[in-house]
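Protein chains: 4
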Amino acid sequence: MENLSSFREVATQFKALFLDSYGVLKNFRGLIDGVQETLDLMAEKGIEFRVLTNDASRSPEQQAESFAHLGLTGIPAEKIITSGMMARNFLQLKIKGGKVAYLGTAKAAHYILQAQLESIPVSHVDFDKLDEIQALVFLDDEGFDWNFDINKTVNLIRRKNMPIIIANSDKLYPVNKNEVSIATGGIAKLVESIINKSFIHFGKPDTQMFNYAFEDLNKNGQQFSKEDILMVGDTLHTDILGGNKFGVKTALVLSGNTTAKDADLAIRSSGIIPDFICESIVG
Amino acid sequence: MENLSSFREVATQFKALFLDSYGVLKNFRGLIDGVQETLDLMAEKGIEFRVLTNDASRSPEQQAESFAHLGLTGIPAEKIITSGMMARNFLQLKIKGGKVAYLGTAKAAHYILQAQLESIPVSHVDFDKLDEIQALVFLDDEGFDWNFDINKTVNLIRRKNMPIIIANSDKLYPVNKNEVSIATGGIAKLVESIINKSFIHFGKPDTQMFNYAFEDLNKNGQQFSKEDILMVGDTLHTDILGGNKFGVKTALVLSGNTTAKDADLAIRSSGIIPDFICESIVG
Amino acid sequence: MENLSSFREVATQFKALFLDSYGVLKNFRGLIDGVQETLDLMAEKGIEFRVLTNDASRSPEQQAESFAHLGLTGIPAEKIITSGMMARNFLQLKIKGGKVAYLGTAKAAHYILQAQLESIPVSHVDFDKLDEIQALVFLDDEGFDWNFDINKTVNLIRRKNMPIIIANSDKLYPVNKNEVSIATGGIAKLVESIINKSFIHFGKPDTQMFNYAFEDLNKNGQQFSKEDILMVGDTLHTDILGGNKFGVKTALVLSGNTTAKDADLAIRSSGIIPDFICESIVG
Amino acid sequence: MENLSSFREVATQFKALFLDSYGVLKNFRGLIDGVQETLDLMAEKGIEFRVLTNDASRSPEQQAESFAHLGLTGIPAEKIITSGMMARNFLQLKIKGGKVAYLGTAKAAHYILQAQLESIPVSHVDFDKLDEIQALVFLDDEGFDWNFDINKTVNLIRRKNMPIIIANSDKLYPVNKNEVSIATGGIAKLVESIINKSFIHFGKPDTQMFNYAFEDLNKNGQQFSKEDILMVGDTLHTDILGGNKFGVKTALVLSGNTTAKDADLAIRSSGIIPDFICESIVG
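Residue numbers (our numbering), protein chains in the order written: chain A, 4 to 286; chain B, 4 to 286; chain C, 4 to 286; chain D, 4 to 286.
Calculated from the structure, these hints are not laboratory results. Note that the coordinates shown come from a computational prediction; the quantities given were computed from them, not determined experimentally. Each statement offered as a hint is correct.
Straight-line Cα separation of at most 25 Å, DMTMM-like style, residue types lysine to aspartate or glutamate; simulated pairs:
1. Lys102/A / Glu135/A
2. Lys180/C / Asp129/D
3. Lys102/A / Asp267/C
4. Lys264/C / Asp36/C
5. Lys132/C / Glu195/C
6. Lys48/A / Asp36/A
7. Lys163/B / Asp265/A
8. Lys229/D / Glu51/D
9. Lys264/C / Asp265/B
10. Lys222/D / Asp43/D
11. Lys200/A / Glu182/B
12. Lys200/D / Asp267/C
13. Lys132/B / Glu182/A
Facing chain B, according to a computed beta carbon distance under 8 Å, are these residues of chain D, among others:
14. Asn92
15. Phe93
16. Pro166
17. Ile203
18. Asp209
Cβ coordinates follow ideal geometry from the N, Cα and C atoms, glycine included.
Using the sequences and the hints, build the whole thing.
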């Protein structure tokens, strides 16, 4: 890989960073070595940040706790923006009463509760009481029986016309150096292709989370323009495409989904071009 | 539904029938009422038939046994042609030695054994011995842990470049009056969309099974031309499209996937036009 | 169609309207009868509005002029937000110098000029001087030779790795009561499927234009919350999906793409559910 | 590229060859150097062949003439099998009377005439006389005005429910060393994606042409089994996938669509694995 930039040199040209979480701050092994030093340096230089993560399995509070648990300081819940929050806001505004069925863990269902709605796992849905179900949300790839509950989801959607929400559109996530696992978005894709319907997707690359983070940065009247912001991510189709479209500069890091070996081909074959490429956010 | 034809009047204009199994001869309840009488009448009139089924979960022998068990006589194994047989023939010609990994039941793996190859369920594959795996076959939607084994399949395909075979491309099958279940082809679709690779699909609507049945009908020098044959099925995208493409007349029956209520819209919206529409093969 | 609401009764519950243009304010015949009265009523009631249009063929100024020319008063350029503006902002922030190739009319190329960039129609691109081309934009379905220039576009993209921008993702637009025409997004779709690359799409249903309109409404400190706003459109997959996702109430009007005859089926089969359905914005 | 085989050594292990035309026998420059010698050698060794080409723009007779015109002897019309012939057979069996509309040149429309049907170019179709139109065929990418006639095709399909036939599913063909042109299948893909309907596709990789060629080889009682046959082509997704599926050995040649530089990656990323890889059919 040629044309690698030093992350610190790049980052210090900006006034704020949007950071993806998985593949940027941490990976399957835990924290990426040296991340604390980078965050400290940013704090020292007065560079603001938000974490933008396609994750609907845990709340910002739970994710902040998890960073703290791994030993990383300086990432409070209020700086974490999840695709689950986008889905929650949608539910809050569009669904008035009734129950929201979900695929995922009980932990993930907190997003439904926060929208002041009652949650019910797909496995508990009673097909004789479909009137009470007002929406369906794909929250997580865990917490249910894939065979039984995905089939039940297909039948639920065939029988009840309602908004179907994909709270995380990512198709895959890495579980170790060589292996991946199908993510919520991959399961949703299966159901979409079988049902032949358009569901409502949340998360990068849609610009919604970027806008949310941008408004949040400026909520106290501080003046951040788009040119002051760098989006940092490990995935071309979500982080970099979303950042390019929102209109901020983008940096691809090679510490996650996109490896040094594949980056060049992936960029050429996708046409999604980051402004910078860095080994990781360290160094 | 207007323009319904009497199946017997239509069928007796032909010298041979290609019959789909599920939705035509039987459904989730068992045999379709009156099927025996129709088969007897065809036998009496000297009308030949073959059963063409997108099924790789059981051998023709097991399926013949199942018909007999349900009380239907006159369907011997040698008149049953399955998409599993097409996959078996492919394996036999293309894979020389080594093991073939599969998703499905041990029963379905008979197709691999018949190809003189060793079978191994995906769950037993050892990632440190990938050299011995020569192909992967999607045989059935049962017989494995969806969460664990589908994820393992994704990783297996990422690590080993080999032919991937879908022995049944159907995405759904009905399990009762109102409910469907995701079929082998639906699971394969999920993996294909996640891996972004072309797998090798067998079964209708590809014309391969039709050709096999056609050659089989004519193997003793009897003279059946394509104009002598009627394909009878309950699914537009497999039975009717395949028959139309192979060049035989086609009859849609409303006793399975396509209901009287939906037929008109389904035909108009797909552009797949059967020559005849009949309530069922009875009457 | 049951459950039709009176547009005026619905609209007057809100403080601001987002209005699609084609199919809502006008159609192939010209202005929709009675639109002026509705706009006047909204003005009288102090209801604000923005026009949100997936159009990159003409500038807001040209579109305002066209409304005036049709005899409609009260829609100044600054209330018109086009997908072309989103593309222009992207170009301005991401492309520094060089030429931007385009498919479309010279009129549409104004969006490139406004980004302080040099524009060049695809037909004029010299394959020996590809270094100077920094991006490619699909602006309009007119202004070029489909056969020659679409083929040239395919080859241009194969030879030059650069951002490809779709300034209007609509696939079709109506040209009279019974006929449609392929729009910019349809041509882009052809090229994408042939090239197998991800291009960068602008326009509804992405929430970017909604956010832009929302920020614009609030730029003088007026306080519009999302609950104060109604998105009005004639197309489920763009206007209604986008509005639902952005988190505002949505009204489908039956004066354009979606007819009274088709609306019910379209909503059921897409799962995209408007909050209200109205004959048109009149009455 | 490692593992290159000598074509002559490979070919002489078989009793018959299925040869793709474009990229194997000829290319945009004319005949591939040395093709005559290879064909002569095959004839000398008694190795039979058929040419299998995804082409519906010209009849076998016209193609044979074109080979002769280029100076290549020994390829009579009766050894050439085109996807246009498959479409013709379909029309002959399924369409009884009426007119068949087409996109393509008058030359290509011969396939419709051979099916004893009346042909009418899309441009001449009168929307007030749609009753007389019984089918629509995509034959060629030339012979019509892309803008006007593709749009007219979209509207024709929206207004008339009838079989839509794609007589050549190839999306692209090379026009010189560096450039490609959108083929019939690419145009059809655009219309399919806009109409959201299933059309009826002919040509490789469907096994229909392989079966036709196989039956033709054996029509005089000569005994060719599938193991005696080698499919030779330059395109993984058509020639090699089709041959693999039909159950014959396959050889990829690097003289056309797939270049030595790309072959390895293309095979790995598609999972379509040829049995042999050869520079060209020469040497």
